[in-house]
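One line per chain: the protein sequences are Y and A, in this order.
Residue numbering for the first sequence follows this note's numbering, beginning at 124 and increasing consecutively.
Residue numbering for the second sequence follows this note's numbering, beginning at 124 and increasing consecutively.
Just to be clear, a hint being listed does not mean it is correct.
Since the list gives no way to pick out one identical chain from another, each pair is judged satisfied if it fits inside one copy or across any two copies.
[What the hints assert, rightly or not] Within a straight-line C-alpha distance of at most 20 Å, the following computed SDA-like cross-link-like pairs (lysine to any residue) qualify:
(1) 247 / 271
(2) 191 / 215
(3) 270 / 253
(4) 248 / 271
(5) 139 / 215
(6) 248 / 234
(7) 509 / 440
(8) 191 / 359
(9) 350 / 125
(10) 155 / 257
Source of the hints: derived by calculation from the structure; they are not laboratory data.
Okay, here's what each chain looks like letter by letter:
Protein chains: 2
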Amino acid sequence: MDIIVQKFGGSSLTTKEVRDRAINKIVDIKNKGYYPVVVVSAMGRNGDPYATDTLLGLVKPIYSNLAKREMDLLLSCGEIISAVVFVAALEERGYPAVALTGGQAGIITDSNFSNAKILQVNPKKIIDFLHKGKIVVVAGFQGITEKNEITTLGRGGSDTTASALGVALNAVEIQIYTDVDGIMTADPRIVPDAKILEVITYHEICEMALQGAKVIHPRAVEIAMEKGIPIRVKNTFTDAEGTLIIAHDSRKTKIKNDRIITGISYIENVVQIKVNISSPSTKAETELKVFRTLAENSISLDLLNILSDVIIFTVQESEAEKAVDLLKRNGFDVQVRPDCAKVSVVGAGMRGMPGVMATIVEALNKAKVDILQTADSHTTISCLVKMSELVNAVKALHDSFDLGY
Amino acid sequence: MDIIVQKFGGSSLTTKEVRDRAINKIVDIKNKGYYPVVVVSAMGRNGDPYATDTLLGLVKPIYSNLAKREMDLLLSCGEIISAVVFVAALEERGYPAVALTGGQAGIITDSNFSNAKILQVNPKKIIDFLHKGKIVVVAGFQGITEKNEITTLGRGGSDTTASALGVALNAVEIQIYTDVDGIMTADPRIVPDAKILEVITYHEICEMALQGAKVIHPRAVEIAMEKGIPIRVKNTFTDAEGTLIIAHDSRKTKIKNDRIITGISYIENVVQIKVNISSPSTKAETELKVFRTLAENSISLDLLNILSDVIIFTVQESEAEKAVDLLKRNGFDVQVRPDCAKVSVVGAGMRGMPGVMATIVEALNKAKVDILQTADSHTTISCLVKMSELVNAVKALHDSFDLGY
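Work out the full structure: start from the sequences and follow the hints.
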């Protein structure tokens, strides 16, 4: 039984025209002899699991202090409604289909309400229905605990459901439907000659997602990667092949051996914070206290550098005021640089390749972009720049690595 | 642990004012040391389980051919949303509460989607939460099969959920909240001096409900009756005591020994059908064919009389055309009398009492109401009258039995 998991966002069912296109994608696969397992999000929940839902928004704004357990129960209805709407549309086209809640689909999670983690998948019910010739439509973004409590997955949402099902069902492919033709070498709003990537590795797409690309959630990629199930990012509205996400050493790889850089991504609205260390004797103590204070207040740090007399890091703009207040209240000498952005050059091929950093520095200097800070990992080099210079930086880097070839 | 089950309709949460009054009723009970278990319907589902729901109505009209399994999945969200809204409102008032789906509350049903029957109740989760000091709010009108399929209960809906939980939890009382002060001796829109009944038996309320009174579903009464759990019909908007529904021989009974008649109820828009039997030799065959034909087409008959040369019965107006067509197509000689109503005099005390029928006939004759047909059971005498004479008939009967004393 060759199963393909297909994930559609809630925007795929807002109008009949859009819904028809999503249904076409399912029907195509079915007619080719595959067994489709469809995962859907709630209407209005576009990637962001906390976006105001068109249905649940009716009751949600009234109550701000709802417990996470009850909020999950409420939110889970959004995906159930979507699943039923998809089933109705499939049946209308003459394709027998059934809707399953996350729990019915066997998505077992921990009891961390609003941000639950999938512990295991028992896809017995899905397989039974597939054997009966049904197209199975699963409500994404939700699961059930072993104590029968209903949870939502938080980070990664329905993408994660799709990946977990793809792994549990040993699917041929996990297809994530979006409104773009695939993963691009850079944001096309900034770089008009950005190209669609035919193939990309799990590691590269994770890096790009972590560095700001919004096509698929890294958690979903990690899950598929563990069992090597290919993910394909496709467009609901075109017949484009999309971007295939696979392991680097996959037999199916079409990744050019000479490709060093995969793409350029970015994160806007970042604030750089410097904490000065008054004397070498207090350095260790200062470091510990700074990181402990911020961690205890759940503030995420990025681009972290510890130097001899200063600690430098960035935080998201939304958390900057809180971070600075905390540090000042603890008596630290703090300098703040607002209005920054992080630009990242991502590519599994850069590992061990000399000269990548040189190319980056040359490109940015030529474009008169100030480099405020840098960080690098095996597959990524990131530079902090001023927000006002972000567009120039992305364009310059995209050009310098010939990504628009 | 003294548990009281309280059931509120979906109309109890449409506005903050209404919601507050429902919450007051729960809080009152809690403050008196009882353990409240609350059952709620969906917003917009006012007694009629198939009324267009304010939330689900958004998607429902699009799809007429949705399978019952998926329709149940969709509809079940309505009550879940209500339960979460109640929990939020309770928490706002400082009372810890949890929402449970029907399945989580342990309502196990058969797999007859859209009209499932409760097979058993496993209230373990409810009891656990009660022990933790939580007010438990259960989504009514729904259950789960042993194969983990979500069902809705159809007939009786949330009232049935409340009764089944009342029995399983051995509740002190099941309270059904409405917008009236209790069960009345007749419809107050017709009989201005109709009175609230302080006490009524399970059998009487079942008869009154079957004969057209809309306060509580007979299925819910039957379930509570089996274990003798008292039901109280109360008003969300007043402090009235309401009407207590108990067994006739209950120790707590306050039912006056001399009360013969409990109340007058009615069903509007009934059509009388007569099928003539052409000769005595075909009588048995005709009878069989008439009833089989109507049964196979799921047409419900009422006020059935078989005489020597004619079969007389009534059907609801909505089914009359279909019934007549079927009978004519099978070659029967059919006479139809449209625009009728059935008036019923209900009272457990009439059993074996002579003269009740005489009083009815006298009252209707005096009011110049034509009696078109009659039927009687242990606790009920029903008369078919013209729709145009219904109001006079109800008033005359109410007066003649001194129900407005």
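* Of all the hints given earlier, name the ones this structure violates by number, lowest first. => 8
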